[in-house]
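Using the sequences and the hints, build the whole thing.
One-letter residues, chain by chain:
Number of protein chains: 2
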Amino acid sequence: MVKPVKLAAATAATLALLVGAAQADEGMWTFDNVPAAAIGKSTGFTPDAQWLKKAQLSYVRLAGGCSGSFVSGEGLVMTNHHCISDCIAELSSAQKDYQADGFLARNRAEEKQCAGIEINQLVDITDVTGKVEAATTGKTGQDFANARRTVLADLEKDCAGGDDKLRCDAVTLYQGGRYSLYKYKRYQDVRLAFAPEAAAAAFGGDPDNFNFPRYCLDMSLLRVYEDGKPIASPNHFKWSREGSKEGEASFVIGNPGSTSRLRTIAELEFIRDNVAPSFLFWAQERRGRLIEFGRENDDRRREALDDLSGTENGVKVWRGRQIALADKDFFGAKVRAEQELRAKIAADPKLAAEVGDAFTQIEQAQARYAQLYPRFIMLERSRAFDSELAAFARLLLRAGDERGLPNPERLREYGDSRLPALKQRLSNPAPVHAELEIALLSFSLTKLREQFSPDDPIVKAVLGKRSPDQVAEAAVKGSKLGDPAERLRLFEGGKAAIDASDDPMIALMKLVDQAARQARKSVEEEVDAVVEQAQARIAKARFALYGDSIYPDATFSLRLSYGKMQGWTEPDGQEVAPYTTIAGLYERDTGAAPFAIPPSWEAARGKVQMSTPYNAVSTNDIIGGNSGSAAINAKGEVIGLIFDGNIHSLSGDYGYDPRRNRSVMVDVRGMAEALRTVYDARHLTRELGVQ
Amino acid sequence: MVKPVKLAAATAATLALLVGAAQADEGMWTFDNVPAAAIGKSTGFTPDAQWLKKAQLSYVRLAGGCSGSFVSGEGLVMTNHHCISDCIAELSSAQKDYQADGFLARNRAEEKQCAGIEINQLVDITDVTGKVEAATTGKTGQDFANARRTVLADLEKDCAGGDDKLRCDAVTLYQGGRYSLYKYKRYQDVRLAFAPEAAAAAFGGDPDNFNFPRYCLDMSLLRVYEDGKPIASPNHFKWSREGSKEGEASFVIGNPGSTSRLRTIAELEFIRDNVAPSFLFWAQERRGRLIEFGRENDDRRREALDDLSGTENGVKVWRGRQIALADKDFFGAKVRAEQELRAKIAADPKLAAEVGDAFTQIEQAQARYAQLYPRFIMLERSRAFDSELAAFARLLLRAGDERGLPNPERLREYGDSRLPALKQRLSNPAPVHAELEIALLSFSLTKLREQFSPDDPIVKAVLGKRSPDQVAEAAVKGSKLGDPAERLRLFEGGKAAIDASDDPMIALMKLVDQAARQARKSVEEEVDAVVEQAQARIAKARFALYGDSIYPDATFSLRLSYGKMQGWTEPDGQEVAPYTTIAGLYERDTGAAPFAIPPSWEAARGKVQMSTPYNAVSTNDIIGGNSGSAAINAKGEVIGLIFDGNIHSLSGDYGYDPRRNRSVMVDVRGMAEALRTVYDARHLTRELGVQ
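Chains Y and B supply the protein sequences, listed in that same order. Using this note's numbering, the first residue of the first sequence is number 1004, and each one after it goes up by one. Using this note's numbering, the first residue of the second sequence is number 1004, and each one after it goes up by one.
Bear in mind the hints are in silico, worked out from the structure with no lab data behind them. All values reported here derive from a predicted model rather than from experimental measurement. A portion of the hints provided could be inaccurate.
To be verified - Partner residues aside, some chain B positions facing chain Y, computed with beta carbon under 10 Å:
hint: 1; residue: E1270
hint: 2; residue: A1279
hint: 3; residue: D1301
hint: 4; residue: D1302
hint: 5; residue: I1326
hint: 6; residue: D1330
hint: 7; residue: F1446
hint: 8; residue: T1449
hint: 9; residue: S1456
hint: 10; residue: E1605
Stated by the list, open to error - Residues from chain B that face chain Y, not an exhaustive set, calculated with beta carbons under 10 Å:
hint: 11; residue: Q1116
hint: 12; residue: G1207
hint: 13; residue: E1272
hint: 14; residue: L1283
hint: 15; residue: W1285
hint: 16; residue: A1286
hint: 17; residue: D1472
Unchecked claim - The calculated lysine-lysine pairs, modelled on DSBU-like cross-linking and capped at a C-alpha distance of 35 Å, are:
hint: 18; chain 1: Y; residue 1: K1450; chain 2: B; residue 2: K1319
hint: 19; chain 1: Y; residue 1: K1524; chain 2: B; residue 2: K1331
hint: 20; chain 1: Y; residue 1: K1319; chain 2: B; residue 2: K1567
hint: 21; chain 1: Y; residue 1: K1168; chain 2: Y; residue 2: K1115
hint: 22; chain 1: B; residue 1: K1188; chain 2: Y; residue 2: K1567
hint: 23; chain 1: B; residue 1: K1543; chain 2: Y; residue 2: K1463
hint: 24; chain 1: B; residue 1: K1331; chain 2: Y; residue 2: K1331
hint: 25; chain 1: Y; residue 1: K1331; chain 2: Y; residue 2: K1450
hint: 26; chain 1: Y; residue 1: K1463; chain 2: B; residue 2: K1331
hint: 27; chain 1: Y; residue 1: K1319; chain 2: B; residue 2: K1543
hint: 28; chain 1: Y; residue 1: K1331; chain 2: B; residue 2: K1188
hint: 29; chain 1: B; residue 1: K1524; chain 2: Y; residue 2: K1450
hint: 30; chain 1: Y; residue 1: K1248; chain 2: B; residue 2: K1543
hint: 31; chain 1: Y; residue 1: K1463; chain 2: B; residue 2: K1480
hint: 32; chain 1: B; residue 1: K1463; chain 2: Y; residue 2: K1331
hint: 33; chain 1: Y; residue 1: K1610; chain 2: B; residue 2: K1468
hint: 34; chain 1: B; residue 1: K1331; chain 2: Y; residue 2: K1450
hint: 35; chain 1: B; residue 1: K1188; chain 2: B; residue 2: K1638
hint: 36; chain 1: B; residue 1: K1468; chain 2: Y; residue 2: K1319
hint: 37; chain 1: Y; residue 1: K1319; chain 2: B; residue 2: K1248
hint: 38; chain 1: B; residue 1: K1610; chain 2: Y; residue 2: K1463
hint: 39; chain 1: Y; residue 1: K1331; chain 2: B; residue 2: K1524
hint: 40; chain 1: Y; residue 1: K1319; chain 2: B; residue 2: K1450
Virtual Cβ for every residue (Gly too), placed ideally from N, Cα, C.
As structure tokens, this is what we get:
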């Protein structure tokens, strides 16, 4: 076992920086452009159309932002524990804390509904690039943004055809070089079958996050119901009994959220100089407040846990990215790569004419973005209103306004095809914690004043003669939006109901709504539209130069990654082996959180097979959003459950380093041994075929 | 009145970026190189030797890091309220909260001693460049660092001559291009005569910090005693009755702490990519923890206040610097300036030979620094041990070890000339707050684990099988170092007493002492020594090219800044007037902290002269450390008391922009009116000559 080290950026020479073709094991490939030959060469197995179709239909997306997959014929879905922590918190009570104690349904009747979880199964992909281009050709700026919004809304609506059980998402690929329409089957009755204790799922907590060797049982099992009964799921991945071996092929199917590998240097500099510092500045204070809030007593610690985990994860991600973007070798290689691409374009008169001043336009748009960013992020992205109640208030306020407009004219998230998901969100009975709400809203109002100055008209409108604490307390304590029934009443009542409401949180959000909308409009028209059109021209040049050997940046759409079970060598020469064992978990236990194993594992000492592989790494190219993805072998059997990347993967937003970028998974053998021996869940191991 | 805006960096064209001669009103000049002609040209007044000598002797330094000045013949010293907040906290009790209520001694007998404050009066400056060069010529790396440490320690010791009432500091100027020896008279019996309420002194709090228009009474009056009686201070600045007018000359005498204007681009990139992100990452979480700690109840809020103010100030400073260093115009101008300097050097064969590869050496040293920095900052700069008790423990531990060595071989801060100040620090009776200590030490131990990983040997040694909370609680609750008598006992007992001690905080600091010393040694030898020698060569080239028309970077040594009372024009065209009035304070009052005026000012409504100038700005080039500096007119009369810079001054670490860089002062007329009318302190206004 070797010690994990902090991000040491790769040297430029061996980095795949994606002007040209991807290198071995690199890429998050769309299912309509799978590099079969390269896969065969790297793994010895070449997937065919049937294999791919089954993989696509066995996979599911959790609408909140994770991946999952069917693992039995009776609707059983495997995903991470950290993907369903909202549900676990919501099912818990003062009497029964499933976060602390874990949850196991002994039979179907005991399975408990996760009201906030929607599961989507991708049933169809259609290329709609031609339709989008036809609708937007010759348009720029505001006209382009409007035309594009209209055509995408129409495409999504026509695709769903008014069927609430379908959801269609228009997906932008290659920064606007291609558009696809993804049609999903929606499942809203999702129930919890199994979740281990948080202490087992997230053993090592934030200190071990993004590190390896690792010892986490970051898994959960859900079941999808329809009409009160488990659905049939003939397309599913079986669990492998044998598991994997070092060097064996590993395929990861899931929804990587977002990467920036095809972005220009101007865009990356914007991220380095604006997005990363701004996020970390905000998140680190939020983190400190949440930790100290939770140190007060156990109830508060529980209430703050979810926000804290999310914040700490974001902090680690963005600190890693910041380090990668400040690394002279890494960023220098990106700069040279863009110079090469631009030289190749310049050398081809036809391409040069088509691309025109695209790079300069993007650069100018970033300079404009730097001016717009603070208001955009504070007002429209709600960094100034860090409160669930405030989010509900804005949703209701805007739903009231937007539903009065024709579908194509609405903000995209209020399009007809998105309304069922909004309604589900509003009806989620998860409790809102008033003290935590006040603490966070007060924090974020302080940030608003700090960023805009006490003399800014928005700040004066929001605070008046009161302090952030006073405003937060009045809005939270006076609001009834913690009650799902009240939220649904206002949603159903539409604009008239909102206008009639005297809820102070709605009043607060009304104060800033026009300014927030304006901030968004400016970014969409002056930045996004410009960048997207320029990037589309660059994308065409890339296709011309490199053909289909490139993959689009991740956009939370379905992707296939291929690779091998493999450790890596640290820059200082230390070898990191690809597997850990359950024995390592017991060795690492200190008895003090976050390195304390729960009582169930204490009790299993002596019974559990200590040599069982527990966590593992592979060369798969993944990123946030892939959480909950199954890792499968060539036979389509589950060999692991992705839950993290190693520390070197944090530069993966901008490029893939095959030497050290690794995905981290729970080994299927560790999951099976835990269910069998620690949790005595034989009914589940039987269903999974690994009893 | 116009609204303050956030830092908008200046355009490159008009920036003084200091390869060449300084421009009008720029510079923090040493008293042995005052640009008399330039001053005459800008202000209409040319100071002579007598004027300068009186200014030097009227000024004092607060050993903790502020400036001040004598303002009467009976030892009365004027400085900022925020410079003595430690003393105010220490004098306060549950019965009497001077932070909230202010303090006024009605007569000398009521003046209360500030045990932690030492006041130094600069009596002599000697150029010792030749001696340092003679001792270090031909040496590099470790040899250079040792030789330099030895010669500086010898110089300081010889200068003080064993007299506890003197303190001598060797001062490095021009990054090693010159060395001076500053001899100070030390005063350790300093008593508080007047301090307003924190609500008046820091009206507007963090939101208004670095902003203008401003409404702060950030002043305090101390009195220096010797042998139980006020000292005679024939050299002092009288308060002006008339105050200043727009356009009038303003001279600021004080101790600017540190600037980086002569640093190379490689050094600035190191600051941008390492120092700033690392500080903000740490400070923002600390800030969040302190705020939430204080939200619990009023006692805690008071306990955390000082740490919080310091952290928030640091955050604003470093965020401003980060923005300046990321600004393409600002930083681009610095890059071009260095290119010009290097071109001029290259064009002169003799200079080129002398400078050699100095720039490259600095660049390589920065790359090495990036590797060493995390351990250096966490262990040696105690970012991992955020606790007053831990600081005492390290001081005692090292004092025990170091005093066993010959003076020149010791760490500089344990040299014979520094021991009286150490002893004063140890005897300070200010209470240590256990809950706050535990919270901060736990926080910082978490950062240690986060930065080094749970598997690092230092982390394992410090935490063992315990959590940061457990380690912090055990060390704080078990330590007796909160008691000044115990600290003095251990100090006097030397190494034997430390070895015999079972204080858990000393045990904790012992665990990391060797690693911390090693981290420091590496930085001193592999970075500092290399940079200093290379910078000395560059400095000689600068002298050859530009003569005495350049000033050294600030190093917390006495400097003169000249300028004029003057507002500025914002980039968006808004004019900011140079003075605010007391009327503006009442207008800005909201009743909610930090915009709530205290009861004394409420009571003075109707009595106080509303049109009295209250705060003001001038073009003086200042920076942190200048807090408490007097602003004087050509007659040597106090026209104001510096307490801040405007938001544009935050880029002042790297360059001075005469268009917008402004210092912020309390106007002397506002101070006099407050003492007269609000605080009824006629005995003080009489002593100040403005009754």
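May I ask which of the numbered hints given earlier this structure violates, with the numbers listed in increasing order?
1, 3, 4, 10, 11, 20, 22, 23, 27, 28, 29, 30, 31 and 37
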